[in-house]
Amino acid sequence: MEPLFGVVLGLILAAASAAHESCTCATNKWAVCAQDSPGNCTCSLPGSDHPVDCSTLTSKCFLMKAEMVPLKEKRLWRPPHGLSDSDGIYNPDCEASGAFKARQCNQSSTCWCVNTAGVRRTEKGDRSLSCSELVRTRWIYIELTHKRSSSAFGVPDLAKALTQLLESRYKLHPKYIAAIKYDPPLIQIRLDQHKKPRWDVDIADVAYYLEKDVNNDSVFHSNSKLTVSVNGDALAIEKLWIYYVDEKPAEFCMRQLAAGITAVVTVVVLTAGIGIAVLLILRWLHTRKYKKFEIKEMREIKAP
1 MEPLFGVVLG LILAAASAAH ESCTCATNKW AVCAQDSPGN CTCSLPGSDH PVDCSTLTSK
61 CFLMKAEMVP LKEKRLWRPP HGLSDSDGIY NPDCEASGAF KARQCNQSST CWCVNTAGVR
121 RTEKGDRSLS CSELVRTRWI YIELTHKRSS SAFGVPDLAK ALTQLLESRY KLHPKYIAAI
181 KYDPPLIQIR LDQHKKPRWD VDIADVAYYL EKDVNNDSVF HSNSKLTVSV NGDALAIEKL
241 WIYYVDEKPA EFCMRQLAAG ITAVVTVVVL TAGIGIAVLL ILRWLHTRKY KKFEIKEMRE
301 IKAP
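The opening position of the sequence shown corresponds to residue 1 in the numbering used here, with each subsequent residue numbered one higher.
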């Protein structure tokens, strides 16, 4: 009887373990999942009560909010300088759909306006700052560099490999890949998404997942390392830069330009002023020397 009971108990535990393993979110390692009924697995993110669709990418806003949860916990024991004070790291306010709210604020009541990628596009202000709309990020330029090899990759083969990667791993439809340019070892991928249908992934989410992969901090549950192969040869990505271009110009660009022009004009005026002052001093010294010489000659002439 006891051996039979042990076998039954072992089968129950094995089934429970298998059910736990199957109840995970393949596209989000931070998701907390629970099997509420046989065959039904529900997942959500820390810091948000919104359910997660594990068949596609999680929105960048929800990911950033989930990332802030462990950071808050670490602040209890990490020194203050352990947190980076940059626009790229903040606890965002998200819509129920996962989109960024147009206005974002930090704990010190400093606010700013963002685009659909969550990137700041205005000067910072206080809570009276008004952001009338969430401006769409229409184009994203992704620049990569790879380790040098004995021979460069063929452009068509490289473009095909990267297109397959974006489509299979990041669920991006090829119609949003506007161009792939290659000047060894630099690769530029241009994504273009004027409007995003509800069933398609956002190019901002794709760029964020790719950035995490390149930085060896994959969001995927398997935490698998990013591997890209071009005709059997490994494409080892070294560095990555991402540039966001909105449908409307950023509102702080002209202020920065005016400040830059003012600084240049100030430098030019100061340089010109110093130059004029030096010329006047040199001229005065030359005139003084000439007058002394003239007086000396006059004295020599008058002498008997």
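Hint data in this document are derived by calculation from the structure and do not stem from the laboratory.
Quick caveat: nothing in here was measured; it's all calculated off a predicted structure.
Don't take every hint at face value.
Unchecked claim - DSS-like, lysine-lysine: derived pairs with alpha carbons at most 25 Å apart:
1. Lys29 with Lys171
2. Lys171 with Lys196
3. Lys160 with Lys225
In rising order, the numbers of the hints this structure does not comply with: none
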